[in-house]
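Under our numbering, the residues of the sequence shown are numbered 105 to 473, in order.
Hints should not be assumed to be uniformly reliable.
Below are the BS3-like pairs computed for lysine-lysine, each with C-alpha atoms no more than 27 angstroms apart in a straight line [what the hints assert, rightly or not]:
(1) Lys236 / Lys281
(2) Lys393 / Lys325
(3) Lys347 / Lys325
What the hints contain is simulated information worked out from the structure, not anything from laboratory work.
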Amino acid sequence: MASSPKSPQSDQASNPPAPVVSGPGLTPLTAEEQNAAGLLPAEYWTQQPLTEDPEDDGASTIGSFTSSTASLSSTIFQYRTIHGRTYHGDVGNAEAWEPNDQRHVEAMEIFHHAMLVQLDGKLYLSPLDEKKVHRVLDVGTGSGLWAIDFADEYPNAEVVGTDVSPIQPSWVPPNVKFEIDDCNLEWTWPENSFDFIHIRMLVGVVNDWYKLFRNAFRCCKPGGYVESLGSGIHLLSDDGSVKEGTAMHQWGKVFGEAGKKIGRPFTVYEDDLQRKGMEAAGFVDIEFKDIQCPMGVWHPEKKAAERGLWYKLAIEEDLEGYMNYLLNLVMGWTPEETKRFAAHAKKEWNNPNIHGYFWLRVVYGRKPE
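All chains should be built: construct the whole structure from the sequences, respecting the hints.
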C-alpha cells in the first residue's frame, strides 16, 4: 500500500475571554540560533516588496498583543485571547496552536473537506469490518465533522470525539457525543474500549507520539484499528521552483523551530513518528500511504490540482489563525512581520510557475487478537 515518499458558536456571553497569558515564557531566537536553523530574520519579510495588496493575504486582522497576565479559569469556556484571537482554556497540559473562534471553525470545516479530497472521498483507509465497529474514538476532533460523518456512515456505532475546545455543534446524530480531553494526558478509558481510533492532523499538538500510541493501543479492542493522518511541514518542488530564501522554502523551517520551542514536533512525517509509534506500541499489520498534495492549483493532473485547490482554500480561509500563536507568541515576531510573511507565502503558492507540494501520510495498524 505504501507509495512514494457551519457549526453554531458556543454561548460565551457569560464567560468573556480571559486576558492573554504569556504562555510558555519563550523568547525570540538569537541571531546564532536563526542561522543554525536556516531561518531568515523576521524583519526580512517587511523589507521585501510586494506587487499585490498585502491586505488580501488572509492575515490582515492581526491585532496588537496584549501583555497582561492572569490565571486561567478552569472553566472550559474561559478562553485565552492572543492577538485578538481566542484559544482553548485550561485543559490538562494542552497547548493547541490553532484558534477556537468561529473564523477558525469555518476554516476547520473547509479543511475537513480538503482531507476527504486527499483520500478520494473516504473518511479512513483502515480495512474495517462494519459488523465489528461498535465504538469509535476521534482524537482531536476539532469542529467535529469527521465524527459526525462517521456516525452517519455507521449509525449503529457510538462515536466519541475529544478536543480541548467545546466548539462542536450541539445538533448531531444521536450516536455522537463530544468530550473535553487532552490527548497528551493518560487516557482514562478502560482497556479495550474502542473498535476504531482515528487521529488526524495533530502535528504540533502531541508532545510524545510514542505515549499517544501506547494509550491508543491500550484503549483499542483486540482486532481493532488505529489510524493516523499527518503531514510534512516542508514545501518542496521537483523542478527547483521553490527557491531557497522564499517564503515557501522558509515555511517548514519556521514551523519546525516553533514546534521545538513548545516541545510539540511538527516533523511528524519527516521523523516517521506515526509508524514508529505504532510499531513500538505493539500494533501489527501496519500499512501506510503517502499522498503528494500540491500547494495551489498548478498540477496538470485534475485530481492532484483538486487536492491542491482544497488545501489552499482551507489554509487561506484563516491564514492568520494558522500563524498567529506560533509566529507572534512562540517565535516572537511582530504582527507586521507575520502579516508580510503570510502575504509573500500566499503570493508564491498562487503563482502557477511555482510547483510546490508537501507530503501527507496515512498510517494504520491493528491490535493483535
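Results of checking the hints against the structure:
no., hint, verdict
1, Lys236 / Lys281, "20 angstroms, holds"
2, Lys393 / Lys325, "23 angstroms, holds"
3, Lys347 / Lys325, "47 angstroms, violated"
In terms of the numbered hints stated before, the structure departs from hint 3 and from no other.
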